[in-house]
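Note that the protein sequences, when read in sequence, are chains A and B.
Here the numbering used here is used: position 76 in the first sequence is 92, and no number is missing along the way.
Here the numbering used here is used: position 18 in the second sequence is 1044, and no number is missing along the way.
Don't read these hints as lab results, they were simulated from the structure.
Among the hints, erroneous ones may be present.
Claimed, not checked - Computed from the model, here is a short list of chain B residues facing chain A with C-beta under 7 Å:
| hint | residue |
| --- | --- |
| 1 | Ser1058 |
| 2 | Pro1070 |
| 3 | Tyr1123 |
As the structure is a prediction and not an experimental result, all values here were calculated from the model.
Quick reminder that beta carbons are idealized off the backbone N, C-alpha and C, glycines included.
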Amino acid sequence: DAGVIQSPRHEVTEMGQEVTLRCKPISGHDYLFWYRQTMMRGLELLIYFNNNVPIDDSGMPEDRFSAKMPNASFSTLKIQPSEPRDSAVYFCASTIPGDYGYTFGSGTRLTVV
Amino acid sequence: RKEVEQDPGPFNVPEGATVAFNCTYSNSASQSFFWYRQDCRKEPKLLMSVYSSGNEDGRFTAQLNRASQYISLLIRDSKLSDSATYLCVVNTGGGSYIPTFGRGTSLIVHP
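Produce the complete structure using the sequences and hints provided.
Take a look at the structure:
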C-alpha cells in the first residue's frame, strides 16, 4: 500500500493567489482528515469527511478555506485568496473505524509570501 | 482547560536513560488513545495504541489511567534515534473517530 499521498510537497505562492492541496487516502479508509500544523498552534483539525461527506468543518479558519471529496480516493483543500498567515504544513490523514490509529500523508509545506 | 495536554519539554536525557511522558485529557468519555512520534519536518507516525491494561512494545510501555484521565509513555534504554516529538492522541468516543492531538513532548537523547 502506498499510504496516504499528498501533493504538492512544497508550495510557495504570493499573497492573494489560489492554492489547491491534494490528498489520496488509503484505499478502504472511509474517514479523511485535513490538519494544519504550526509551531504556535500545533496540529489543528480543519475538516473531516466520512464516506466522502463533510461531517465537521468547524475548524476551517474562515471562508477563504474550502474542502471537497468528490470520491473515495481524492480530496482537495483550497485556499482562496491565500494570505501569509496561512503558511503552515497541511497534513491529510485517513483511518477506518476502530482502534487502528490514523495514517498521515507526508504533508504539504505551504509558504505564502 | 485544553482537551489534551502535554508537557512540551524538551526532555534532555543521556543514552540508556529511562524517560516517561504523561498526557492528560479532559473528556471522561474518551475511548481510544494513541502515542504518535513525529520527527523534524516529517509527518506524525503511529508509535503505539494504549490499552486499558497497559501494553508494551519492546522498549516502549504505554499505560492508561481512566480514573485520573491520563496516559503515559515510558521509554527504557533510550537511543539517539528516539529523539523526536511524541504526540498524545485521544478519541472522544461515542462512535466518533475524531482524534484530538496534544501539542507534543520533545525528547532529545544525547551521547
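Here is how each hint holds up against the structure:
Annotation: interface hint on serine 1058 of chain B holds; nearest CB of chain A at approximately 5 Å, less than 7 Å. Proximity of proline 1070 of chain B to chain A holds as hinted, the smallest CB-CB distance being about 5 Å (cut-off 7 Å). Proximity of tyrosine 1123 of chain B to chain A holds as hinted, the smallest CB-CB distance being about 6 Å (cut-off 7 Å).
In summary, the structure agrees with every hint in the numbered list given earlier.
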